[in-house]
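Q: The lines below spell out each chain.
2 protein chains.
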Amino acid sequence: MRKKKNNIHFSATQLREFSTRTFTYFGVPYDEAVLAADVLAYSDEHGIDSHGIARLKTYFDLLRAKKINPRPELRMLRERASVATIDGDNGLGLVVGPKCMEIAIQKARLHGSGWVSVCNTNHYGAAGYYPVMALKDDIIGLSMTNTTKGVAPFNGAEKMLGTNPIAIAFPGLKEPPVVIDFASSAVAYGKVEIAGRMAEEMPLGWCIDKQGNPTTSPTDMMQGGALLPLGADKNGSGHKGYCLAAMVDMLSAVLSGANWGPFTVPFAIDSAPTERQVGKGIGHFFGAMDIDGFRDVNEFKSNIDDWIHTMRNTAPIPGTGGVLIPGDPEREAYTLRMKEGIPLHPEVVSSLKTIEEYTGIKFD
Amino acid sequence: MRKKKNNIHFSATQLREFSTRTFTYFGVPYDEAVLAADVLAYSDEHGIDSHGIARLKTYFDLLRAKKINPRPELRMLRERASVATIDGDNGLGLVVGPKCMEIAIQKARLHGSGWVSVCNTNHYGAAGYYPVMALKDDIIGLSMTNTTKGVAPFNGAEKMLGTNPIAIAFPGLKEPPVVIDFASSAVAYGKVEIAGRMAEEMPLGWCIDKQGNPTTSPTDMMQGGALLPLGADKNGSGHKGYCLAAMVDMLSAVLSGANWGPFTVPFAIDSAPTERQVGKGIGHFFGAMDIDGFRDVNEFKSNIDDWIHTMRNTAPIPGTGGVLIPGDPEREAYTLRMKEGIPLHPEVVSSLKTIEEYTGIKFD
Numbered sequence: 036m037r038k039k040k041n042n043i044h045f046s047a048t049q050l051r052e053f054s055t056r057t058f059t060y061f062g063v064p065y066d067e068a069v070l071a072a073d074v075l076a077y078s079d080e081h082g083i084d085s086h087g088i089a090r091l092k093t094y095f096d097l098l099r100a101k102k103i104n105p106r107p108e109l110r111m112l113r114e115r116a117s118v119a120t121i122d123g124d125n126g127l128g129l130v131v132g133p134k135c136m137e138i139a140i141q142k143a144r145l146h147g148s149g150w151v152s153v154c155n156t157n158h159y160g161a162a163g164y165y166p167v168m169a170l171k172d173d174i175i176g177l178s179m180t181n182t183t184k185g186v187a188p189f190n191g192a193e194k195m196l197g198t199n200p201i202a203i204a205f206p207g208l209k210e211p212p213v214v215i216d217f218a219s220s221a222v223a224y225g226k227v228e229i230a231g232r233m234a235e236e237m238p239l240g241w242c243i244d245k246q247g248n249p250t251t252s253p254t255d256m257m258q259g260g261a262l263l264p265l266g267a268d269k270n271g272s273g274h275k276g277y278c279l280a281a282m283v284d285m286l287s288a289v290l291s292g293a294n295w296g297p298f299t300v301p302f303a304i305d306s307a308p309t310e311r312q313v314g315k316g317i318g319h320f321f322g323a324m325d326i327d328g329f330r331d332v333n334e335f336k337s338n339i340d341d342w343i344h345t346m347r348n349t350a351p352i353p354g355t356g357g358v359l360i361p362g363d364p365e366r367e368a369y370t371l372r373m374k375e376g377i378p379l380h381p382e383v384v385s386s387l388k389t390i391e392e393y394t395g396i397k398f399d
Numbered sequence: 036m037r038k039k040k041n042n043i044h045f046s047a048t049q050l051r052e053f054s055t056r057t058f059t060y061f062g063v064p065y066d067e068a069v070l071a072a073d074v075l076a077y078s079d080e081h082g083i084d085s086h087g088i089a090r091l092k093t094y095f096d097l098l099r100a101k102k103i104n105p106r107p108e109l110r111m112l113r114e115r116a117s118v119a120t121i122d123g124d125n126g127l128g129l130v131v132g133p134k135c136m137e138i139a140i141q142k143a144r145l146h147g148s149g150w151v152s153v154c155n156t157n158h159y160g161a162a163g164y165y166p167v168m169a170l171k172d173d174i175i176g177l178s179m180t181n182t183t184k185g186v187a188p189f190n191g192a193e194k195m196l197g198t199n200p201i202a203i204a205f206p207g208l209k210e211p212p213v214v215i216d217f218a219s220s221a222v223a224y225g226k227v228e229i230a231g232r233m234a235e236e237m238p239l240g241w242c243i244d245k246q247g248n249p250t251t252s253p254t255d256m257m258q259g260g261a262l263l264p265l266g267a268d269k270n271g272s273g274h275k276g277y278c279l280a281a282m283v284d285m286l287s288a289v290l291s292g293a294n295w296g297p298f299t300v301p302f303a304i305d306s307a308p309t310e311r312q313v314g315k316g317i318g319h320f321f322g323a324m325d326i327d328g329f330r331d332v333n334e335f336k337s338n339i340d341d342w343i344h345t346m347r348n349t350a351p352i353p354g355t356g357g358v359l360i361p362g363d364p365e366r367e368a369y370t371l372r373m374k375e376g377i378p379l380h381p382e383v384v385s386s387l388k389t390i391e392e393y394t395g396i397k398f399d
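In the order they appear, the protein sequences are chains L and C.
When the letters of the first sequence are read in order and numbered with the working numbering, they come out as residues 36 to 399.
When the letters of the second sequence are read in order and numbered with the working numbering, they come out as residues 36 to 399.
What the hints contain is simulated information worked out from the structure, not anything from laboratory work.
Check the hints yourself; a few may be wrong.
Copies of the same chain look alike in the list, so a pair counts if it works inside one copy or between any two.
Okay, derived cross-link-like pairs now, DSSO-like style, lysine-lysine, Cα gap no bigger than 30 Å in a straight line [what the hints assert, rightly or not]:
| hint | residue 1 | residue 2 |
| --- | --- | --- |
| 1 | 171 | 315 |
| 2 | 315 | 388 |
| 3 | 134 | 269 |
| 4 | 102 | 171 |
| 5 | 209 | 245 |
| 6 | 184 | 209 |
| 7 | 245 | 269 |
| 8 | 194 | 209 |
| 9 | 209 | 315 |
| 10 | 171 | 245 |
| 11 | 269 | 226 |
| 12 | 245 | 315 |
| 13 | 101 | 209 |
| 14 | 194 | 245 |
| 15 | 226 | 171 |
| 16 | 226 | 102 |
| 17 | 269 | 184 |
| 18 | 184 | 397 |
| 19 | 134 | 101 |
| 20 | 194 | 269 |
| 21 | 397 | 92 |
| 22 | 269 | 374 |
| 23 | 209 | 388 |
| 24 | 397 | 269 |
Whenever a hint applies, use it, and build me the whole structure from the sequences.
A: What follows is the structure, encoded as structure tokens:
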């Protein structure tokens, strides 16, 4: 955000087009390339800059090195009426994810709920994309994924778990939906990177150094340290963030047969997977619950509106903007970006230029 | 814990017997009284002192004042193969809870998963009791409940949400299960009470005063202040704890038709419900997923063992006991308490004596 003035703005259409063509270049079928580009665009359009086209270069690297399968054939490993496990055939998480979420939604329509655990998959973009898919059908959607290790378990001095996010969304009637999407670490690694780039100190409670001591230095974290779980330390109840990360790891990866904990496959071309692998790829977990199976849909949605109004009316902490509804910041970004275009950091633009050079697909 | 030396020890059987007889005194059927006593005993036997027989006096007060129905008839309001909503008929949460969790488990056996939202119910004891019920069937169980308001939403200066806990458990093969159970607030209100009793300062990040300013004074919190959500403030990502509390509130109460947010019914004889009520009673949410619907059960459990060993082997932060597995502290307490008995604070003993005086049921 701070380097805003150096950012260059692009239209949403242009970014979608470029992502789509990059994926098809490597043999991803057109429809699936459009889908993958849509997942990335969701992040760019909603201000989740870390999970949008800024990651395209890494997908590009992995497709180019044939480390991701551009034409996966999903296999149902187990299935019951409301649950299933799917092998993603080492496809793009951006394609495997939406397809598996669709299966969960379909099960919810038929049986009230659907729960799909996925192995042998890769980075799936922003967790929030998936529950939002379910809203049009008045279904409460949920998604989780484990990720490359970066976070220390509570009282641990090394990286053992990912930032393992959780997302869930609830539709309103006249109000826009409540969209919850957050990592189970105290902060995202991106915030440490930004502090590092600015040569700034970080607050205590974000990171430890390689000995496990609290640190405010981004360099300490990057040189063998780790992120802390949500809650950070004993006083902040860091064990709770660790519990959340463990839950996500078990539902996404232990339940599906993917790699869990420190064995998760890195999302980067220059880091090799750990020698010991305990499953296939990384893991996701999707859920869908048909509101109509629980309660009259309009009553539910009207209650969500009421909940939203009630929370917005909370007396604010002086000096803050007061209570927001989960999803507000993303909606605000969306409105602005649909008007002004999507700002990309020069480093991101440069990474896209590299793709252009290699593939010949014009970026701008 | 600090007043340990003044505590008096009782046998688990004696406490169960006293709770059972107290419940039957008010007309709770014998089997249901035994069940309710079992839920309380789970807490006492596992060291969760805030949720065991220490609360019997409040259940007693509410039964005596006829504010809780001793003979509820559960009504299925809606049902599909894997989901349902149940009206708890204003019964004890300690009875309604286990019955609804059984319905979720039964659905998981038949359809792979079961999800039950419950309205018109009351305080259900420790959230962890319910997922543990499912372990014997190799089912992953989950429970949530909303509770009386005590927590400020992120950037809010007043109590609007409960401490809204989440619990989930995963069975191991040779290892004991992973049992996750935590409130979505930074700390439990009990910790503020203890600091107050000891006239001690609290760490920053637990509470705000009535103006919304950070405070270390238990009195400030008790006089119109509020608990903070997990993560506390901007630097600690307090919005994430708020998101968790919101999720629990919506699944437990908005989905079932119970009171949500600031309208939740207080669990106390001396506080009246808010004038505006938006539903019936408080709400719970139970989930159950049959592991066999996702993966070979023994493979899953053996992977959980491996996960446990891997996390235990994390390099520890110097000066801490290193990484624990969720459920470890409760198991340690269980072993000790089965040997030495259950320690009760003199105030708790005195509250049980009050019950004895009124009912004539001998306590010791």
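Q: Are the hints correct? Go through all of them and say.
A: Cross-check of the supplied hints:
1. 171 x 315: Between copies, since 28 Å is at most 30 Å while 32 Å is not.
2. 315 x 388: Answer is neither; intra-copy 32 Å and inter-copy 59 Å both fail.
3. 134 x 269: neither (40 Å within a copy, 35 Å between copies)
4. 102 x 171: For residue 102 and residue 171, neither the intra-copy (34 Å) nor the inter-copy (41 Å) Cα distance is at most 30 Å.
5. 209 x 245: Neither: 50 Å inside a chain and 32 Å across chains, both beyond 30 Å.
6. 184 x 209: Intra 40 Å, inter 26 Å, cutoff 30 Å: inter-copy only.
7. 245 x 269: both (19 Å within a copy, 25 Å between copies)
8. 194 x 209: Between. Shortest inter-copy distance 26 Å satisfies the 30 Å Cα cut-off; intra-copy 44 Å does not.
9. 209 x 315: Answer is between; shortest inter-copy Cα gap is 24 Å, intra-copy 43 Å.
10. 171 x 245: The answer is neither: 46 Å in one copy and 41 Å across copies each exceed 30 Å.
11. 269 x 226: Close inside one copy (22 Å) and across copies (13 Å); limit 30 Å.
12. 245 x 315: The answer is within: 29 Å in one copy meets 30 Å, while 52 Å across copies does not.
13. 101 x 209: Classified as neither: same-chain Cα gap 46 Å, cross-chain 39 Å, threshold 30 Å.
14. 194 x 245: Cα proximity of residue 194 and residue 245: one copy only (9 Å, versus 39 Å across).
15. 226 x 171: For residue 226 and residue 171, the Cα distance exceeds 30 Å both inside one copy (33 Å) and across copies (43 Å).
16. 226 x 102: within (28 Å within a copy, 50 Å between copies)
17. 269 x 184: So residue 269 and residue 184 pass the 30 Å test inside a copy (22 Å) and across (24 Å) alike.
18. 184 x 397: Neither, since 35 Å and 56 Å both go past 30 Å.
19. 134 x 101: Within. Shortest intra-copy distance 22 Å satisfies the 30 Å Cα cut-off; inter-copy 52 Å does not.
20. 194 x 269: Intra 18 Å, inter 24 Å, cutoff 30 Å: intra and inter.
21. 397 x 92: within (15 Å within a copy, 73 Å between copies)
22. 269 x 374: Cα proximity of residue 269 and residue 374: across copies only (29 Å, versus 45 Å in one copy).
23. 209 x 388: Classified as neither; 43 Å inside a copy, 53 Å across copies.
24. 397 x 269: neither (52 Å within a copy, 41 Å between copies)
In summary, the structure is inconsistent with hints 2, 3, 4, 5, 10, 13, 15, 18, 23 and 24 from the numbered list given earlier, while agreeing with the others.
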